[in-house]
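The opening position of the sequence shown corresponds to residue 1 in full-length UniProt numbering, with each subsequent residue numbered one higher.
Hints listed in this document are in silico derivations from the structure and should not be mistaken for laboratory results.
Treat the hints with care, as some may be off.
Said to hold, decoys possible - Straight-line distance between alpha carbons at most 25 Å, and here's what the computed DSS-like set of lysine-lysine pairs gives:
#1 141 x 28
#2 166 x 219
#3 16 x 141
#4 141 x 40
#5 166 x 184
#6 184 x 171
#7 18 x 141
#8 16 x 36
#9 36 x 18
#10 16 x 40
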Amino acid sequence: ETVSNPSMAASLYTIKQKIDEKNLTSIKVIVPTHRKTLLKAFIDQLFTDVYSFEFEDLQVTLRGDPLKQSTEINMITAQEVEAIQNEIQTYLRSLPALRGELTIITSPLISDIFLHGFTTRTGGISYIPTLSSFNLFSSSKRRDPKVVVQENLRRLGNAVGFNVEKFYRIKTDHANDVWIMGRKEPESYDGITTNQRGVTIAALGADCIPIVFADPVRKSCGVAHAGWRGTLLGVAMATVNAMITEYGCNLEDIIVVLGPSVGPCCFTLPKESAKEFHNLDPECVRLFDSPNPYIDIRKATRILLEQGGILPQNIQDLNQDLDLCTSCHPDKFFSHVRDGLNFGTQIGFISIR
Numbered sequence: 001e002t003v004s005n006p007s008m009a010a011s012l013y014t015i016k017q018k019i020d021e022k023n024l025t026s027i028k029v030i031v032p033t034h035r036k037t038l039l040k041a042f043i044d045q046l047f048t049d050v051y052s053f054e055f056e057d058l059q060v061t062l063r064g065d066p067l068k069q070s071t072e073i074n075m076i077t078a079q080e081v082e083a084i085q086n087e088i089q090t091y092l093r094s095l096p097a098l099r100g101e102l103t104i105i106t107s108p109l110i111s112d113i114f115l116h117g118f119t120t121r122t123g124g125i126s127y128i129p130t131l132s133s134f135n136l137f138s139s140s141k142r143r144d145p146k147v148v149v150q151e152n153l154r155r156l157g158n159a160v161g162f163n164v165e166k167f168y169r170i171k172t173d174h175a176n177d178v179w180i181m182g183r184k185e186p187e188s189y190d191g192i193t194t195n196q197r198g199v200t201i202a203a204l205g206a207d208c209i210p211i212v213f214a215d216p217v218r219k220s221c222g223v224a225h226a227g228w229r230g231t232l233l234g235v236a237m238a239t240v241n242a243m244i245t246e247y248g249c250n251l252e253d254i255i256v257v258l259g260p261s262v263g264p265c266c267f268t269l270p271k272e273s274a275k276e277f278h279n280l281d282p283e284c285v286r287l288f289d290s291p292n293p294y295i296d297i298r299k300a301t302r303i304l305l306e307q308g309g310i311l312p313q314n315i316q317d318l319n320q321d322l323d324l325c326t327s328c329h330p331d332k333f334f335s336h337v338r339d340g341l342n343f344g345t346q347i348g349f350i351s352i353r
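Using the sequences and the hints, build the whole thing.
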């Protein structure tokens with residue numbers, strides 16, 4: 001099959017789509033020696049570590065005589081790397097949105113002095129079925145490269161109105177560490193707080209709960225990533241307590257909004273782990289006597305927040321699309337439970353205007 005496009009970026013991206021359609025990971029590239037380094041630079045941008053490449057020099061003959069082999073160019077300049085990145089970015093910006101328009105869920109509880117929202121899976125350019133289309137996280141274990149995720153993020157920033165150069169995602173560890181922005185950034189953390197204007201912070205979610213915190217009085221905010229481990233470890237209240245300690249927030253002023261997550265209809269744990277949720281409140285567990293009971297991490301999070309002093313009316317975990325189960329709604333959300341290892345990621349984000 002022949003691929004013909006006006007640019008190297010367009011050609012390689014089209015080839016990648018065909019590779020992904022066949023679910024291939026091992027690729028052999030036959031290329032003239034002098035083009036190998038350039039091609040590798042494009043591949044480094046457009047593919048992740050999921051793929052492995054083998055390169056073979058293209059042997060060219062003319063009227064039966066082998067042509068003299070060109071010498072491989074082992075180095076490319078910083079200017080050439082920048083040109084490659086610009087070519088790829090320009091091409092990705094030209095691609096249409098998939099699965100419909102960009103859709104952001106917001107909460108009426110959060111003051112207009114904040115910019116905030118929860119993304120869904122529509123309006124991006126990621127084409128792999130489990131990542132399509134508004135995937136906002138790339139890793140070495142997934143097929144979506146960073147450049148595609150960055151293009152999705154750029155589209156989000158343009159639509160919502162934040163600066164992507166001042167955008168910070170949680171570095172998830174499924175624990176309860178919180179990074180107070182302005183201090184040294186830890187290697188991993190599941191909460192961020194800030195009182196800096198114009199900085200956007202975000203929590204990842206694909207069944208785990210992306211939680212957004214806002215204090216309109218002290219003009220500060222936070223985000224947290226709460227999986228079942230982080231929920232039990234108290235990451236939500238750890239984020240609240242960081243806001244109280246660092247910015248002088250009062251419990252009664254803090255608004256907490258729980259983004260879309262997996263529901264008790266789809267999320268199970270082994271009985272030993274389920275016991276901890278049952279000890280918190282029996283209503284957090286369904287079919288407790290089964291080997292793998294069903295767990296309500298949203299209810300557990302609300303209980304822990306209320307126990308910590310957050311006013312019940314200042315917690316939003318129901319309303320519009322916020323309480324839809326991510327696993328049950330493949331048209332709206334990504335889900336690790338449903339889609340397996342190559343799952344997409346949505347986010348909850350907030351910034352101070």
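Here is what the structure says about each hint:
1. 141 x 28: 20 Å, holds
2. 166 x 219: Judged against 25 Å, a Cα distance of about 18 Å means the pair holds.
3. 16 x 141: Within the cut-off at roughly 16 Å; holds.
4. 141 x 40: It holds: about 19 Å lies between the C-alpha atoms, which stays within 25 Å.
5. 166 x 184: Judged against 25 Å, a Cα distance of about 16 Å means the pair holds.
6. 184 x 171: Holds. Residue 184 to residue 171 sits at ~14 Å (cutoff 25 Å).
7. 18 x 141: 19 Å, holds
8. 16 x 36: Judged against 25 Å, a Cα distance of about 17 Å means the pair holds.
9. 36 x 18: 21 Å, holds
10. 16 x 40: Given that 25 Å is the threshold and the Cα spacing comes to 14 Å, the pair holds.
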